[in-house]
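> Use the sequences and the hints to build the structure in full.
Using our numbering, you'd call the opening residue of the sequence shown number -18 and step up by one each time.
Only true hints are included.
Pairs of lysine-lysine residues, derived as DSSO-like cross-links and limited to a Cα-Cα distance of at most 30 Å, are as follows: (1) Lys71 to Lys477; (2) Lys477 to Lys406; (3) Lys541 to Lys229; (4) Lys437 to Lys137.
With beta-carbon atoms standing in for the labels, derived distance ranges: (5) Asn337 to Arg171: 14 to 24 Å; (6) Gly155 to Asp407: 20 to 30 Å; (7) Ser389 to Asn337: 44 to 54 Å; (8) Gln69 to Asn396: 20 to 30 Å; (9) His513 to His15: 47 to 57 Å; (10) Gly479 to Asn337: 47 to 57 Å; (11) Pro350 to Gly11: 54 to 64 Å; (12) Glu227 to Met521: 31 to 41 Å; (13) Ala351 to Trp6: 54 to 64 Å; (14) Gln10 to Ser389: 44 to 54 Å; (15) Asn337 to Thr68: 26 to 36 Å; (16) Gln69 to Ser389: 15 to 25 Å; (17) Arg544 to Pro350: 46 to 56 Å; (18) Arg208 to Ala490: 41 to 51 Å.
None of these hints come from the bench; they were simulated from the model. For every residue, glycine included, the Cβ atom is placed at its ideal position computed from N, Cα and C.
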Amino acid sequence: MTDDKRRNRAWYGKADRDGFIHRSWMKNQGFPDHVFDGRPVIGICNTWSELTPCNSGLRDLAEGVKRGVWEAGGFPVEFPVMSLGETQMKPTAMLFRNLLAMDVEESIRAYGIDGVVLLGGCDKTTPGQLMGAASVDLPTIVVSSGPMLNGKWQGKDIGSGTDVWKFSEAVRAGEMTLQDFMAAESGMSRSKGVCMTMGTASTMASIVEAMGLSLPTNAALPAVDSRRMALAHMTGKRIVEMVEEELKLSDVVSRESFENAILANAAVGGSTNAVVHLLAIAGRVGIDLSLDDFELGSDVPLLVNCMPSGQYLMEDFCYAGGMPVVLKELGEMMRPARTVLGGDIGVYADGAECWNEDVIRPMSNPLKPAAGLRVLRGNLAPQGAIIKPSAATESLLEHEAEAYVFESIEEFKANIDREDLPVTKDTILVLKGCGPKGYPGMPEVGNMPIPARLVKEGVRDMVRLSDARMSGTAYGTVVLHISPEAQAGGTLALVKTGDRIRLSASEGALELLVDEAELETRRAAWAPDPAHYTRGYAKMYVDHVLQADQGADLDFLVGKDTRPVTRESH
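Structure below.
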């Protein structure tokens, strides 16, 4: 056996009892002697699950990665980690993102692998995997699930999430029959893969590509496109080379990488959820990224004409040229930054051509001139909040009105359809108790449905404020991630129905127009709600979760631990 410095040699390179145990039990799968000869051992971290429909194609992609690893002279070993089904989990998949990160981190650390390929896609799986991998810091590369094929119904394209919200409101308004609503359900999700709108899953895949953490074209190739299997194969080859080059995750990711992610998120009309995920990943890598840094993208033009900010879907984005075209259009705005290919991110745009300028607009003709997320601050959000102007009603981005307050999601659901609900189209809806600690897990309920009476009158958007998140597929003038959250004693907890609130996206302001003395009186009388969970992981989460402006990671997981494991199990 060779004696080199690779990590796997501490497991498979020893001529003693421990080495015997590690090798012998692996051999029960039919692996021959020579695969333990010191070649790179590549872990394939798979979030495949039938309860995570977005990731249900990852079993096949793992085989593609293995082919590439074998071809390059490596030894591929696939292992499972927790899978977070965004559309299936209660109370919210976000509650478990940090648990997935723990699973990934400890699996990578405990096993004798030299590099890792992260197979994920559904909203929380990609950031959770990257958080965990960053805390161990081996050579790392991502292969995303890929988007579903375009939804189809009554001869037209329909998009995941975005059209669900639209159809649901149309039913409530009496403009769509329940029969049609149910019929659309079968045409929405026609293949394996993530939401084919520019939701959080496709946003994170786009960001991963813009950060150089995947191979080019990873973001947009449909899940069922044979080119995604070819991409998986090439990724398997590349991860072996990265191990041989000793190119770790921390060698690739820099502050400039995160700045490129922010720029790309703006250009594609990406999800607000990217904020909380990028902040958490940066905390693991050890890069000082703050909420204010997201203002970098506030003046970036919207180039990608995809739902919910535009018209088309991810399949169209792929055929138009995908992320390489976006990176080419961003051009000199992009920061020099290293990638998993070893060179600069600029290489990802080499040879890119746009095949449909209505889907990917040139910088000279953007869909919107300034589409990046806006950070809001004021006495209602002293640690910040965010809004997505590209998905909002422009006339509502500067708004002052009285609030109508819902103290909990249960109160909201019980009252929103009341015919006598005392609200107008100008009222600002406020929802409390939906932050990291309060729900718990910070669910995607921030895009509250419009009151039924107003929907019937034709109202489709109102200013809505909460400490929650919203789906990347959602739209509307929705203020999210208010920090500190209500359950942590933020000013949001003190808002009462009838209070006036001022929103100014142009000024980055969110103000509760109530005298400070009155707020102090309310604060003295306030007490947090009883905890929803008193045991297990959920209790640990509530006790240790950070606020949204810090990425909602657990306080004891921030940072990394790259020390080798030296103690044996026998």
